[in-house]
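Q: Spelled out, the chains give:
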Amino acid sequence: MDGKSIFDELKEKGVSRREFIKLSGAIAGAIGLTSFPSVEAQAGTSARFPRAYQPAQLVAKALASKPRIPVIWLEFQDCAGCSEALTRSESPTLVNLVLNMISIEYHETLSAAAGFQVEEAKRAAMEKYAGQYLLVVEGSVSPKDGGIYCSIGGRSSVDILEEAAAGAAAVIATGTCATFGGLPKAKPNPTGAVSVMGLIKDKPVINISGCPAIPEVFTGVVAHYLVFGTLPALDSLNRPTIFYGNTIHDRCLRRPFYEAGKFASSFDDEGARQGWCLYKLGCKGPTTYNACATLKWSGGLSFPVQSGHPCLGCSQPDFWDGGGFYQGQSAPLSKPAGTLGAMAAGAGVVLGVGSALANKQQKKNAKKSEPGEKGGSHELE
Amino acid sequence: MNWNDVLSFARGPLFQAALLIFIAGMLYRLVRVIGLGWSRNHVRPKKSQTKGVVMSYLKGILIWPFVPWVKNTFTKNPIIYLAGGLFHLGLFVILVLGTAHMLVWKSLLGFGWKTLPLPIVDWFAAATIVAMVVLFINRLINPVLKLLTGTAEWLNLLFVFVPMLTGYIMTHHLFFQYEVLFSIHMLSVDFLLIWIPFSRISHFVFYFFSKSIHGQEFAKHGVRA
Ligand code: HEM
Ligand code: SF4
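Chains as they are written, first to last, in my numbering: chain A, 2 to 382; chain B, 21 to 245.
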C-alpha cells in the first residue's frame, strides 16, 4: 500500500484501463449504485475529483485515489465457512477486485505464517494502522467461565476481540455466528456464546448475517466503505438494508405458487417436481431477510429455494432454535410435553370435580331448607 | 427486543402456557357442568341410543342449516342466523382446512390432512370478517341485544376479531412487515386461548355435550315399529 492507489496496484498487475472501468461498474452494481447517488453519499469521495456523473465513474475515482484498506480478520467459534465462501466465490472477478481493494494483514486460516510470528504481525499491523483498519470477525465469542472454551495463543476470545476492536475504524461481523451467535449459541449454549454486537458497544458494528454470509454482500459492504468512507444504511439488526431490505419470500420465484395455494407436500411429489411453494416443507422465507433470491449463489446460478430446498432462515437470529427445519413455519415452536399436558388436564378435572361437589352440597342444603322449614325460602332469595 | 424475539416468544413459551391454561380451563368447565347433573328420563330407550346421537348431529349440521325458515331463530332475526352461521362455517374452514393452521394441528396431533387451496380459504376469511362486522353492528343497533351486551360480550367479539383480521392482512402482506403481523397474530391467538375458558366462547364444548345428551333422549321417544 504505502501511498499507492488501488488503481496503481491493479495496473502493476496488468489490469487494463478498459477492464478497470468495467470492474468499477460491477462494483457499483454490487453496492446498489444503480442511480445517481446523493450529494451526501459522495461526500466521502476525494475533493480533488470533480463530481462523478455515473456510478461506475464514482467508483473508479475512489479506486484511483485511495490506498487499500487494511483488514484484520479474526476467527472465534466458527467453521471458517464464511472465509471459504469468500475465497471460493464463483464471481471471481468481482470478489478478486474487492480483495485487491483490501490488504488482509491478519487471517488465521489464510496466513502463511503461524504461531508467534503471525501474532507478532497482527500486533504490528494494529499499531501501524491504529484507528484505520477494518476489523472483520467470523464466529461467536465465548465469555463463559473466564473464556476457557475459546482461546488463541493462551488468550480468550473476549480479550482478543476487545483489544482488536479498540483500534478499529469499524467492525464487520460476518456470518450468523458473529452477528447473532449462530450455531454455538443454539440451546443449550454450552459455551455461553455471544455475538460481536453483544460485546462491542462503543464501535460501529455492521452485521452481514447468513450461514455463510453471501460473498457478494461482504464485498459490497467493503466496496461501499472504500468508495464513500462510510458504512451503508443499516436495519434494526445492524444489517445493510441494500442487501437485507427484503425477505426471501418477497423475491421468491415460487411466490406465484404460494399465492395460488399450490404447495409441495414432500420432496418428491408432483408439487415438488412442478416447482411449487415449499411452505409446507418448512420454508422460513416469509420471515427471512437476505439477498439470496436476488444475488443468488455460485455466480447467480441458483439458491436453496430455487433448487428445491426450503429456506432455513439462516440469516435470522436464533435460527437453530426457530422450529424444525422441515416443519411448517406456522407450527408452534414448543408444544406441551405429554406429562405437562396431562397435568394441566388433571388439574382441570380435579378443580371441576371439586367445584361440582361444592355445587351438589349447596343443592342439598337448599333442598333441606325448602318449604315447610321456616325461613328457608327467605334464605334462598 | 425486536420482532424476531416477540415472535419466538409468542410461538414458544407463551403459546405453550396458553394451551395448558386452555386445556385445564375447558376441562374444568366441562366437568363442572356434568357434575351439576341433569334431570334423567327413566323411560327405557325404544331405539338405539347411538343412532339417536348420530341423528341429532346430522340434523343439527346437515339439515337445519339448509331449511332455516322452520326455525324461530331464523324467522325472528335472519341477520343473526345468517351472519352467525357464516362466521362459524368460516371459522371451521380457516382453522381446519387452511394450510397454515393444519400444520399447527399436525405438529400437535402428529398427523395432517389435505387442505383447501389458499384462494378459497381466503374468500371464507373475507366473508367471516364481513360477518363479524355485521354481527358487531347488529349488536350496536338492535335494542334488545344492546341490553344484553356487556363488556364481556364486546371483548368476546374483539378477541376473535383481532386474530381474524391480522391473519387476513398477513396472508396478503399488507401494511406491515410479515413478522410484525405474525407476532400480533400469535399474541392475539395466545390471548384468545387463555380467554376462552373464562368466557362464553367456551360454548363450543357444551354444544357437543348437549347434542349428545339430547340425541340419547331422542331415542327414548316415538313408537317402536
Ligand atoms: C396456534 C394458532 C395459530 C397459528 C400458528 C396461526 C398461524 C397463521 C399463519 C402463519 C397464517 C398465514 C398463512 C400465510 O401466510 O399464508 C394465518 C392466517 C390466518 N389466520 Fe391464523 N393462526 C392461528 C390461529 C388462528 C385463529 C384462532 C384464527 C381466528 C380466530 C386465525 C385466523 C386466521 C385468518 C383469518 C388467516 C387468513 C387466512 C386467509 O386469508 O387465507 N388464526 N394464521
Ligand atoms: S418457497 Fe418459501 S420463500 Fe418461496 S414463496 Fe414459498 S414460502 Fe415463500
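Errors might be hidden in some of the hints.
[As the list claims (entries may be wrong)] List of simulated lysine to any residue pairs, SDA-like, C-alpha gap at most 20 Å:
hint: 1; chain 1: A; residue 1: K263; chain 2: B; residue 2: K134
hint: 2; chain 1: B; residue 1: K134; chain 2: A; residue 2: A343
hint: 3; chain 1: B; residue 1: K126; chain 2: A; residue 2: A343
What the hints contain is simulated information worked out from the structure, not anything from laboratory work.
Q: Please work out if K134 (chain B) and A343 (chain A) have their alpha carbons no farther apart than 20 Å.
A: violated (29 Å)
Q: Keeping to a limit of 20 Å between CA atoms, is the pair of K126 (chain B) and A343 (chain A) held or broken?
A: Holds. K126 (chain B) to A343 (chain A) sits at ~19 Å (cutoff 20 Å).
Q: For a C-alpha distance cap of 20 Å, please report whether K263 (chain A) and K134 (chain B) respect it.
A: holds (12 Å)
Hint 2 alone, counting from the list given before, is not met by this structure.
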